[in-house]
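Chemist: Protein sequence lines correspond, in order, to chains A and B. This note's numbering puts the first residue of the first sequence at 1, with every later residue one more than the last. This note's numbering puts the first residue of the second sequence at 1, with every later residue one more than the last.
Please keep in mind that the hints were generated in silico from the structure rather than gathered at the bench. A hint or two may mislead.
As the list claims (entries may be wrong) - Heads up, simulated DSS-like pairs for lysine-lysine below, C-alpha to C-alpha not over 27 Å straight-line: (1) B:LYS257 / A:LYS243; (2) B:LYS175 / B:LYS52; (3) B:LYS244 / A:LYS38; (4) B:LYS52 / B:LYS32; (5) A:LYS175 / A:LYS205; (6) A:LYS240 / B:LYS109; (7) A:LYS52 / A:LYS92; (8) B:LYS146 / A:LYS39; (9) B:LYS52 / A:LYS38; (10) B:LYS39 / A:LYS240; (11) A:LYS221 / B:LYS32; (12) B:LYS244 / B:LYS32; (13) A:LYS257 / B:LYS32; (14) A:LYS39 / B:LYS109; (15) B:LYS175 / A:LYS32; (16) A:LYS243 / A:LYS205; (17) B:LYS203 / A:LYS38; (18) B:LYS203 / A:LYS39; (19) A:LYS222 / A:LYS175; (20) B:LYS109 / B:LYS92; (21) A:LYS244 / B:LYS32; (22) B:LYS122 / A:LYS32; (23) A:LYS218 / B:LYS109; (24) B:LYS222 / B:LYS243; (25) B:LYS240 / B:LYS38; (26) A:LYS257 / B:LYS175; (27) A:LYS243 / B:LYS221; (28) B:LYS257 / A:LYS32; (29) B:LYS257 / A:LYS203; (30) A:LYS244 / B:LYS38; (31) B:LYS38 / B:LYS109; (32) B:LYS218 / A:LYS32; (33) B:LYS240 / A:LYS32; (34) B:LYS175 / B:LYS257; (35) A:LYS38 / B:LYS39.
Bear in mind the structure is a predicted one, so any value in this text is a computation, not a measurement.
Number of protein chains: 2
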Amino acid sequence: MSFTRRDFMKTTGAGIMVCGLPCIQQAGFIEKSESPNKKSFQFAIAGYSFLKFNLDQSLSMMQRLGIYHLALKDFHLPLNSSQEEIDRTLAKMNSSGVSPYGVGPIYMKTEVEADQAFSYAKKAGVSLVIGVPNYELLPYVEKKIKAYDIRLAIHNHGPDIQLYPSVDDIWNNIKSRDQRMGICMDIGHTTRLGLDPVTTFLKYKDRIFDIHIWDCDKPKKKGWCVEGGRGIIDFPRFFKALKKADYRGTCSLEYAKDMTDPLPGMAESFGYFNGVLAGLNV
Amino acid sequence: MSFTRRDFMKTTGAGIMVCGLPCIQQAGFIEKSESPNKKSFQFAIAGYSFLKFNLDQSLSMMQRLGIYHLALKDFHLPLNSSQEEIDRTLAKMNSSGVSPYGVGPIYMKTEVEADQAFSYAKKAGVSLVIGVPNYELLPYVEKKIKAYDIRLAIHNHGPDIQLYPSVDDIWNNIKSRDQRMGICMDIGHTTRLGLDPVTTFLKYKDRIFDIHIWDCDKPKKKGWCVEGGRGIIDFPRFFKALKKADYRGTCSLEYAKDMTDPLPGMAESFGYFNGVLAGLNV
């Protein structure tokens with residue numbers, strides 16, 4: 001019974017370092033080592049995750065998640081907004097510590113819609129449009145990319161729609177176009193096509209500007225979003241590939257489970273992603 | 001422009017494996033490899049995390065978190081409950097898929113309170129009491145352990161209270177007692193004393209039956225709970241030590257941040273812990 005020790009602690013008060021006591025041989029707290037190869041990419045959120053919430057609610061959730069990069073969606077800031085309206089939204093985001101890293105995904109079915117998308121991105125001060133232009137619009141969209149010097153990342157949507165189901169399909173359509181026309185690789189939809197996200201990433205990494213990350217429960221059309229780590233995507237292997245390739249784009253969570261209450265699942269997903277990265281460094 | 005391919009997909013319908021198409025050289029989905037050294041311990045929740053919620057609400061949160069082991073606290077099931085009351089609670093837990101892995105932490109200041117704690121544990125059908133018996137009660141508590149064949153894991157509470165501040169202090173008080181009198185090592189409170197959880201674990205692992213895991217933001221008394229991964233505890237190093245030692249007890253999240261809305265932080269913490277374990281296996 002160590003009465004002496006308890007009396008000593010009582011006398012010296014709280015916060016005492018027990019390792020200083022002669023009766024105890026104990027190492028003091030050991031700091032986490034700084035990662036020798038920190039990730040070069042940034043976590044972000046694809047605005048679609050907040051479909052059921054207004055911008056204020058979405059920004060509160062982002063603060064809680066500790067994620068401060070957002071791809072703005074039209075339901076938070078309409079595509080036909082004036083500069084003044086856009087500035088008000090940007091000021092609100094700024095006061096929450098959140099910045100837009102891009103806008104979209106924006107579907108472009110006509111030249112007018114392509115005009116609007118690039119004008120909107122410019123007014124919002126971003127240099128990236130995540131978009132889905134009709135195939136026949138690609139020559140026109142390429143001109144907008146050049147005129148604005150704004151990059152376009154085309155998003156693949158898996159088996160759901162015929163427009164760019166796979167990253168391969170995007171690549172086949174952009175490979176001979178301006179280098180600023182690239183890919184927003186959605187790893188969940190890639191998985192739903194039965195394809196491997198790592199193989200796909202390695203094949204097209206030089207033209208991948210943004211990645212939509214979410215875990216998926218089945219490698220087929222009926223597969224859908226689950227909390228990061230509960231699905232079938234091998235995130236350790238995926239992040240290892242990203243780090244090895246020194247990927248410097250964004251990894252943006254597009255979370256489409258429990259859309260009326262997504263915060264716990266988004267938190268678990270980011271926790272998992274950060275945990276995987278921490279585990280990889282040991 | 002791959003019109004042929006799109007037409008082909010339209011004809012064959014959704015869910016098609018693109019890798020089967022002759023125009024695409026692409027590996028199919030690659031399954032996550034089963035971990036060569038799966039964890040031997042179990043994640044659980046310390047009931048204190050749900051201080052502000054009734055049992056029904058707590059069980060809903062556990063289902064959402066996918067965690068099914070709970071240490072029952074008195075505010076969910078009073079210590080003086082009858083066998084019938086206990087059975088009703090156990091049936092409710094069972095219908096949610098949740099089982100109690102233990103009860104507590106229970107403070108024991110008198111012999112009557114020690115009697116009650118062990119009787120309660122027996123009625124609840126568990127073989128583990130997480131507890132904080134007064135030092136002078138240890139000989140009496142040891143008799144209860146022997147009479148009931150129920151293990152006691154004494155919980156360390158860091159610089160806040162004089163009773164068992166550190167795991168070293170627990171050890172000094174139990175080392176010559178029955179082997180079923182052991183430790184519930186709280187790694188957050190260990191950190192708040194400026195001590196290293198890994199060193200502590202390795203020193204006393206044979207008598208550690210339960211671990212309270214939570215991340216902590218400072219190695220001193222004013223340090224407190226933060227989401228797993230956002231604090232200073234080196235979880236990759238910690239879990240690596242647990243796996244190497246083949247620790248077979250529980251790792252029970254005791255989450256004391258945002259106690260009126262703990263679910264997102266608990267989800268992020270479990271996501272992080274699972275991510276670290278996944279990352280360690282690569």
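Chemist: Indicate, hint by hint, whether the structure satisfies it.
Modeler: Quick rundown of the hints versus the structure:
At most 27 Å may separate the alpha-carbon atoms for a hinted pair to count; LYS257 of chain B and LYS243 of chain A exceed this at roughly 32 Å. Pair hint LYS175 of chain B plus LYS52 of chain B does not hold up; C-alpha atoms about 36 Å apart against a cutoff of 27 Å. Restraint check for LYS244 of chain B and LYS38 of chain A: satisfied, since their Cα atoms lie roughly 26 Å apart, inside the 27 Å limit. Pair hint LYS52 of chain B plus LYS32 of chain B does not hold up; C-alpha atoms about 38 Å apart against a cutoff of 27 Å.
For the suggested pair LYS175 of chain A and LYS205 of chain A, the alpha carbons sit about 12 Å apart, so the restraint of at most 27 Å is met. For the hint pairing LYS240 of chain A with LYS109 of chain B, the CA-to-CA distance comes to about 52 Å; that exceeds 27 Å, so the pair is violated. Between LYS52 of chain A and LYS92 of chain A the CA atoms are separated by roughly 19 Å; this keeps the pair inside 27 Å, and the hint holds. Pair hint LYS146 of chain B plus LYS39 of chain A does not hold up; C-alpha atoms about 53 Å apart against a cutoff of 27 Å.
Among the hinted pairs, LYS52 of chain B with LYS38 of chain A is inconsistent with the structure: their alpha-carbon atoms are about 38 Å apart, more than 27 Å. Taking the CA atoms of LYS39 of chain B and LYS240 of chain A, the gap is near 21 Å; set against the 27 Å cutoff, the hint holds. Restraint check for LYS221 of chain A and LYS32 of chain B: satisfied, since their Cα atoms lie roughly 19 Å apart, inside the 27 Å limit. A hinted pair counts as satisfied when its Cα atoms are at most 27 Å apart, and LYS244 of chain B with LYS32 of chain B qualifies at roughly 22 Å.
Under the criterion of a C-alpha separation no larger than 27 Å, the hint pairing LYS257 of chain A with LYS32 of chain B is consistent with the structure, at around 21 Å. Between LYS39 of chain A and LYS109 of chain B the alpha-carbon distance is near 51 Å, which puts this suggested pair outside the 27 Å criterion. A hinted pair counts as satisfied when its Cα atoms are at most 27 Å apart, and LYS175 of chain B with LYS32 of chain A does not qualify at roughly 31 Å. A C-alpha spacing of about 12 Å is found between LYS243 of chain A and LYS205 of chain A, which places the hinted pair at or below 27 Å, so the restraint holds.
Note on LYS203 of chain B and LYS38 of chain A: the hinted pairing is violated, with a Cα-Cα distance of about 32 Å set against a maximum of 27 Å. With a CA separation close to 34 Å, the supplied pair LYS203 of chain B and LYS39 of chain A exceeds the 27 Å bound. Only pairs whose Cα atoms come within 27 Å are accepted, and LYS222 of chain A paired with LYS175 of chain A is rejected, the gap being roughly 30 Å. With a C-alpha separation of about 31 Å, the suggested pairing of LYS109 of chain B with LYS92 of chain B is violated against the 27 Å cut-off.
Proximity of LYS244 of chain A to LYS32 of chain B is assessed by CA-CA distance (about 19 Å); at most 27 Å being required, the pair is judged to hold. Restraint check for LYS122 of chain B and LYS32 of chain A: not satisfied, since their Cα atoms lie roughly 41 Å apart, outside the 27 Å limit. Restraint check: the Cα-Cα separation between LYS218 of chain A and LYS109 of chain B comes to about 54 Å, which exceeds 27 Å; the hinted pair is violated. Restraint check: the Cα-Cα separation between LYS222 of chain B and LYS243 of chain B comes to about 30 Å, which exceeds 27 Å; the hinted pair is violated.
Only pairs whose Cα atoms come within 27 Å are accepted, and LYS240 of chain B paired with LYS38 of chain B is accepted, the gap being roughly 11 Å. Under the criterion of a C-alpha separation no larger than 27 Å, the hint pairing LYS257 of chain A with LYS175 of chain B is inconsistent with the structure, at around 50 Å. Between LYS243 of chain A and LYS221 of chain B, the direct Cα distance comes to roughly 37 Å. Violation of the 27 Å bound is thereby established for this hinted pair. Pair hint LYS257 of chain B plus LYS32 of chain A holds up; C-alpha atoms about 21 Å apart against a cutoff of 27 Å.
Using a Cα cut-off of 27 Å, the hinted pair LYS257 of chain B and LYS203 of chain A is violated, with the two alpha carbons roughly 43 Å apart. Among the hinted pairs, LYS244 of chain A with LYS38 of chain B is consistent with the structure: their alpha-carbon atoms are about 26 Å apart, no more than 27 Å. Under the criterion of a C-alpha separation no larger than 27 Å, the hint pairing LYS38 of chain B with LYS109 of chain B is inconsistent with the structure, at around 40 Å. Between LYS218 of chain B and LYS32 of chain A, the direct Cα distance comes to roughly 12 Å. Compliance with the 27 Å bound is thereby established for this hinted pair.
Taking the CA atoms of LYS240 of chain B and LYS32 of chain A, the gap is near 14 Å; set against the 27 Å cutoff, the hint holds. Between LYS175 of chain B and LYS257 of chain B, the direct Cα distance comes to roughly 33 Å. Violation of the 27 Å bound is thereby established for this hinted pair. Note on LYS38 of chain A and LYS39 of chain B: the hinted pairing holds, with a Cα-Cα distance of about 26 Å set against a maximum of 27 Å.
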